[in-house]
Amino acid sequence: MAPDAPAPAPADPVAASLRVALELEIPSDVRHIEAVVGLIARHCEQFGFPRKQTALNIPVALTEALSNAILRVNAAGDAPRVQVRADLTDERLVVEIVDEGAGFDLAGCLGDPTQPENLEREEGRGLFLMTSLMDRLERFSSHGNVVRMTLLRHD
Amino acid sequence: MAPDAPAPAPADPVAASLRVALELEIPSDVRHIEAVVGLIARHCEQFGFPRKQTALNIPVALTEALSNAILRVNAAGDAPRVQVRADLTDERLVVEIVDEGAGFDLAGCLGDPTQPENLEREEGRGLFLMTSLMDRLERFSSHGNVVRMTLLRHD
Amino acid sequence: MSFAIKKQGDVLVVDVDGQLIVGNRNELKQKVGDELEKGERKVLIDFSRTGYIDSSGLGVLVSLSRRIRDQGGELRLANLNDDLKTLFELTKLDTLFQISDTKERALQSF
Amino acid sequence: MSFAIKKQGDVLVVDVDGQLIVGNRNELKQKVGDELEKGERKVLIDFSRTGYIDSSGLGVLVSLSRRIRDQGGELRLANLNDDLKTLFELTKLDTLFQISDTKERALQSF
Ligand SMILES: Nc1ncnc2c1ncn2[C@@H]1O[C@H](COP(=O)(O)OP(=O)(O)O)[C@@H](O)[C@H]1O
Ligand SMILES: Nc1ncnc2c1ncn2[C@@H]1O[C@H](COP(=O)(O)OP(=O)(O)O)[C@@H](O)[C@H]1O
Chain Z
335 MAPDAPAPAP ADPVAASLRV ALELEIPSDV RHIEAVVGLI ARHCEQFGFP RKQTALNIPV
395 ALTEALSNAI LRVNAAGDAP RVQVRADLTD ERLVVEIVDE GAGFDLAGCL GDPTQPENLE
455 REEGRGLFLM TSLMDRLERF SSHGNVVRMT LLRHD
Chain F
335 MAPDAPAPAP ADPVAASLRV ALELEIPSDV RHIEAVVGLI ARHCEQFGFP RKQTALNIPV
395 ALTEALSNAI LRVNAAGDAP RVQVRADLTD ERLVVEIVDE GAGFDLAGCL GDPTQPENLE
455 REEGRGLFLM TSLMDRLERF SSHGNVVRMT LLRHD
Chain E
1286 MSFAIKKQGD VLVVDVDGQL IVGNRNELKQ KVGDELEKGE RKVLIDFSRT GYIDSSGLGV
1346 LVSLSRRIRD QGGELRLANL NDDLKTLFEL TKLDTLFQIS DTKERALQSF
Chain L
1286 MSFAIKKQGD VLVVDVDGQL IVGNRNELKQ KVGDELEKGE RKVLIDFSRT GYIDSSGLGV
1346 LVSLSRRIRD QGGELRLANL NDDLKTLFEL TKLDTLFQIS DTKERALQSF
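Chains as they are written, first to last, in this note's numbering: chain Z, 335 to 489; chain F, 335 to 489; chain E, 1286 to 1395; chain L, 1286 to 1395.
If you're looking for bench data, these hints aren't it; they were derived computationally from the structure.
One should not assume that every hint holds.
[Unchecked claim] Covered by chain F, per the in silico footprint, the following chain L stretches (three or more residues, Cβ under 8 angstroms): (1) 1304-1313; (2) 1324-1331; (3) 1363-1377.
Even for Gly, the Cβ is constructed at its ideal location relative to N, Cα and C.
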């Protein structure tokens, strides 16, 4: 390697190959939502996800999933906890929210809050926003009720 | 919850329970070392590791492990790659560097470069710095030659 | 996050600072509710300093809107950034609320 | 990372900007080597703008030190921050090099 004319560094394989997994657990309390959302949005920012995704899609969809997990299961008493797992690459975010509830029928619960008769309802926009703001929404049971959301990075 | 006197938010369970795993792979080329080191040091900073650890212990030990992996195995030709895995919590960093070489006898290779007769040698300080700057250094074979370093967060 | 409430002429102006989400929506509901009980009838909510709003936050806006209308009052929203506009469009709530680009226009529209 | 070389009186002053590690140590070795061939004998390496140094970087400093001494010259190091001092102490290289706290003191020490 000639010191005065070093070969150009090859394209950035660190960013291209990087995969980041986050895992955390919070008590079932809505006051922790913002910290979790901030953490995951910041990691997506560092990966270069566009501003709209880190400021709108990710915070809103994640807040919905977390508040559903917290509010539905909190009623159970018994200090339930919510687990959050995020898996991030250059290309997509996959985030899983796990609560201790019995789960629910995703398709059956998904209404359309934009219908005129629903427009003035206070509730019922959470799952709708999750599907609208994410590319994929899944629910399954695996050591708890898991809601998995996938967002592709669109530039 | 009375709106004018909300209960104080409980201690930060997000930071306390958070676990971050990073995985990446680079071509065996020393020019990628700084990017990998910067990435991992930055994540440790975000976890609140003290400045000395993120500016000295982590960068130097990681640079040693990466350059050993790159320089020892590069000779083999055949576009070898180096894998890096970091596992981070509030309490410690565990980082593994995996090369495609046959491995080496860690105890046998560990000399003492501070002995007077070694002081003017150009080589032989890498493993010594890794053991000095980290709390634990291990080597084993598992889909390649794995060097694992553990650093406890000391405030 | 916090809500600042002040009077401008006969309009109650509410600034939403930070997120309007499940964790603080009741605070907004209560604060504006208290003012309605004191007799306020014109309410302007200013979102120029707002981050994001979740479905609970939208739900509180819907409920306040109805409550104000039922008492013969009027509600205006102002200064939604592009992300918040997207949110109101997605949920079609842009058809339910009277939304102004600036606070001045919102004040004039009462 | 880069190396800036300038003359100050009869002393060659080398600023190490950024890391001194396996990826750029040869550049330092070569640049200082060239100057030695041109007849320079007093060399001061200034670390005030240096990040971290790895064992390869330390190795180059050791080899330059020997080479300069063999040619009847002198090498001084200056402005090591606390982290770099720790590194020189760990490796006992603080006993091999003449290290000054400031550039002025290093210049006076030749
Ligand atoms: N984590 C969950 N556990 C149990 N039920 C859930 C969960 N998330 C959503 N649901 C069900 O889906 C329904 C619709 O949720 P959503 O669209 O968020 O509206 P809202 O929460 O405002 O009722 C909820 O009323 C609930 O029955
Ligand atoms: N990843 C590796 N693969 C094979 N051998 C290694 C590796 N890392 C270290 N070694 C062995 O350990 C020895 C000491 O390494 P080190 O202390 O870093 O000194 P240096 O690399 O300067 O010789 C090396 O010379 C090499 O034989």
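Status of the hints after comparison with the structure:
1. Coverage of the region 1304-1313 of chain L by chain F holds [criterion: at least 3 residues with CB-CB distance below 8 angstroms; count 4].
2. Look at the region 1324-1331 of chain L against chain F: 0 of its residues bring a Cβ nearer than 8 angstroms to a Cβ of that chain, fewer than three, so the hint is violated.
3. For the region 1363-1377 of chain L, the proposed coverage by chain F is satisfied: 7 residues have a C-beta within less than 8 angstroms of a C-beta in that chain, meeting the threshold of three.
The structure shown violates just one earlier hint, number 2.
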